[in-house]
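Chains as they are written, first to last, in the numbering used here: chain E, 1 to 67; chain Y, 1001 to 1630.
Please keep in mind that the hints were generated in silico from the structure rather than gathered at the bench.
Remember, predicted model here, so these are calculated numbers, not experimental data.
A few of these clues could be false.
[As the list claims (entries may be wrong)] In the BS3-like style, the derived pairs of lysine-lysine whose C-alpha atoms are separated by at most 25 Å in a straight line are:
# : chain 1 : residue 1 : chain 2 : residue 2
1 : E       : Lys59     : E       : Lys6
2 : E       : Lys59     : Y       : Lys1139
3 : Y       : Lys1619   : Y       : Lys1590
4 : Y       : Lys1006   : Y       : Lys1114
5 : Y       : Lys1408   : Y       : Lys1360
6 : E       : Lys6      : Y       : Lys1479
7 : Y       : Lys1302   : Y       : Lys1203
8 : Y       : Lys1125   : Y       : Lys1217
9 : Y       : Lys1479   : E       : Lys10
[As the list claims (entries may be wrong)] Per label pair, the in silico range of CB-to-CB distance:
#  : chain 1 : residue 1 : chain 2 : residue 2 : range
10 : E       : Ala25     : Y       : Pro1213   : 41 to 49 Å
11 : E       : Phe57     : Y       : Arg1277   : 31 to 39 Å
12 : E       : Val13     : Y       : Lys1412   : 36 to 44 Å
13 : Y       : Leu1152   : E       : Ser31     : 46 to 54 Å
14 : Y       : Asp1487   : E       : Arg4      : 42 to 50 Å
The C-beta atom is built at its ideal place from N, Cα and C for all residues, glycine as well.
Take a look at the letters that make up each chain.
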Amino acid sequence: MDIRVKVNNKETVVPSGTTVTGLLASAGYSSRVSVWINGSQLLSGEYATRVLEEGDFIKILRLVAGG
Amino acid sequence: MIESAKLLYVNLSDKTIRTELLPAETYRKYPGGSALGMYLLFHNIRAGTDPLSPENPLIFTVSPLTGIPISGQSRMCVTTKSPLTGTAGDSQVGGYIPAQLKANGYDAVIFTGKAETPVYLYIDKDNVELRDASHLWGKVTGDTERQIEKDLGTDKIECSLIGPAGENGVLFSNIMHRRSRANGRNGTGAVMGSKNLKGLVVKRQPPVRPADPEGMKTLTLNVKERMAANDAIADTAKNGSAGVVGAHDVEGFLPSFNWNSGVLEGARNLYGSTMRRTVLSGTETCFGCAIRCKREVTIPGKADPYYGGPEYETIATFGSYCGVNNLEDVCEANQYCNMYGMDTISCGATIAWAMDCYEKGILTKEDTDGLDLRFGNSSVYPELLKKIAYREKGIGELLSLGSVRAAKLVGKGAEELVVATKGQEWPAHMVQMKPNLAVNYAVNNFGADHQSSEHDPALMAPDDDQNWIWPNMLASFEKCDSYGVLDANKSKFALETQKYYSMMDTLCLCQFVWGPAWQMYGPQELVDYCKYGIGWDTSIEEHQEIGERRLNMMRMFNVREGFGRKDDTLPPKAFLPMPSGPNEGAHITKEDFEKALDAYYDYAGWDRETAAPKPETVKRLGLEWIYELK
């Protein structure tokens, strides 16, 4: 079964049970990101366990430093 | 502990060479690198000196930590008055010569005067001599190095050299080490050329030893695990600094078409991962460093690995800035810059500015010696770079001045297209994405620089991420949850991390290895390194004060030269909303910038109107002696 979430304002369909880590992998992000769900920032240690829910509003920002 | 520093004075005019000891108590306040360089600059220059006159000293410095085998410690600073900016000039190089200068027993080499004919300085411990370089003058960097090795009958040397660009006075010429490492910014190569000084050559010696070898092992033995556990470092090892190309591109913040856009079609061709899969033929490193971020590329007929490979900044300036997505042409441009000895940031950015002028009809083929300078036409690079390096009359001579001076000469609206501060072209990090850099680019004492403060994303990191934890060891900051935010929190972040980076440029540390956010070693580990490496009991607070002192010295130098708030500015393009891409519309406003600037001055203890350090700030940092100088 699929659920609908919004990722950076974009409607996205993911399989039920998808974790944040799974979402990041499927969307091509590295682990060097910050993630907010429904306005609350997650700890990086929660990425592997936080399961997405129908209607979640997810914001992902890349941590891009110098070079 | 910090011992006294051994200074080597070389007067090129009368060919006298002498050493002097800087007392330990003084050295602890200005412990190497840029702070020591500024201390020596103040004592060897008068206000208003022409940067290309014999009266401008050229100072090479290392630090008490340099050469102790651990990643990221082999850096050497050059300090002088910059001919590009007119400010205090400052630039760092990595590689092997920093560790070897220290292994020869010297903490600083101060060149004064001007040689009658071309020379280079040769150092083999106490044997220090000026040698004839007449036969080397005019040679590109790699040929010069090979000839010196042949003359000396050994390759057991390390060289920092200028190429034809420095000899000819290109205002963004640099000093090259091992053909691909540069004291790149601020036109230090032109100062060296103005002195008829072709190079600094040191004989290789056994490395210096740490005070506490067992303690050092707590930092060095687990280096592979540290690298593997840090995604940013692992990516740097894998893709070099070029790994940043992709990260900026996917967010639409890759400065393109002379900063008219953050999006370049085909930018994937320029990714670090693309370079790794195509033209990369090897990697290189600096003395004692496990990361090996330096690239070597091979392209038959275009690029020889002897001259290394492009960094992120070079890929951006000769790539996206110019609307170019041809990696091979970028590699070729990188090689020419390394051969002639030119800063790839200022050079590529100046060409991008010229292309913007050409597209808008401000420059025509009559002005460009017939070269078609439209965006994307990288086929002009070889011919154009030669014209610039040799300052050939016409477009070469014009662009050799850098974009700010060239725009003033061209007029017709060309100045509106310049992207520079204090005369130095901007590096490739967009302030719409990283607004704290707007403050940093504006206030930085030697012109816009991307390695003088931490970048904004650290303020977005999760609470359990070192990117958030480490900066908050310096001061407490508020979390930020979107791009384009420029407020007092960002000003505080700019200043506090600027102090830290300033300290790293003083202790001569690589900012890809040591730092306050994503790097391999953090603030407390640096304190440990100081203890194990040289027996120096120090603290994060002392490190911050060292960095702050150096920032204020530079600011006082600039104020003495007539700089002020009027020079702490951003170019018009800084305020353009992103015109397209995933973050279309992201921007900063002039009003927010001015407020952030006020906040920065307040945090720094500087006067809002003059942008000069207040007397109480000067006193707190023990810099009253500067008032006594002429």
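Hint check results:
no.	hint	result
1	Lys59/E x Lys6/E	holds, 8 Å
2	Lys59/E x Lys1139/Y	violated, 54 Å
3	Lys1619/Y x Lys1590/Y	violated, 33 Å
4	Lys1006/Y x Lys1114/Y	holds, 23 Å
5	Lys1408/Y x Lys1360/Y	holds, 16 Å
6	Lys6/E x Lys1479/Y	holds, 22 Å
7	Lys1302/Y x Lys1203/Y	violated, 32 Å
8	Lys1125/Y x Lys1217/Y	violated, 29 Å
9	Lys1479/Y x Lys10/E	holds, 24 Å
10	Ala25/E x Pro1213/Y: 41 to 49 Å	holds, 43 Å
11	Phe57/E x Arg1277/Y: 31 to 39 Å	holds, 37 Å
12	Val13/E x Lys1412/Y: 36 to 44 Å	violated, 53 Å
13	Leu1152/Y x Ser31/E: 46 to 54 Å	holds, 49 Å
14	Asp1487/Y x Arg4/E: 42 to 50 Å	violated, 34 Å
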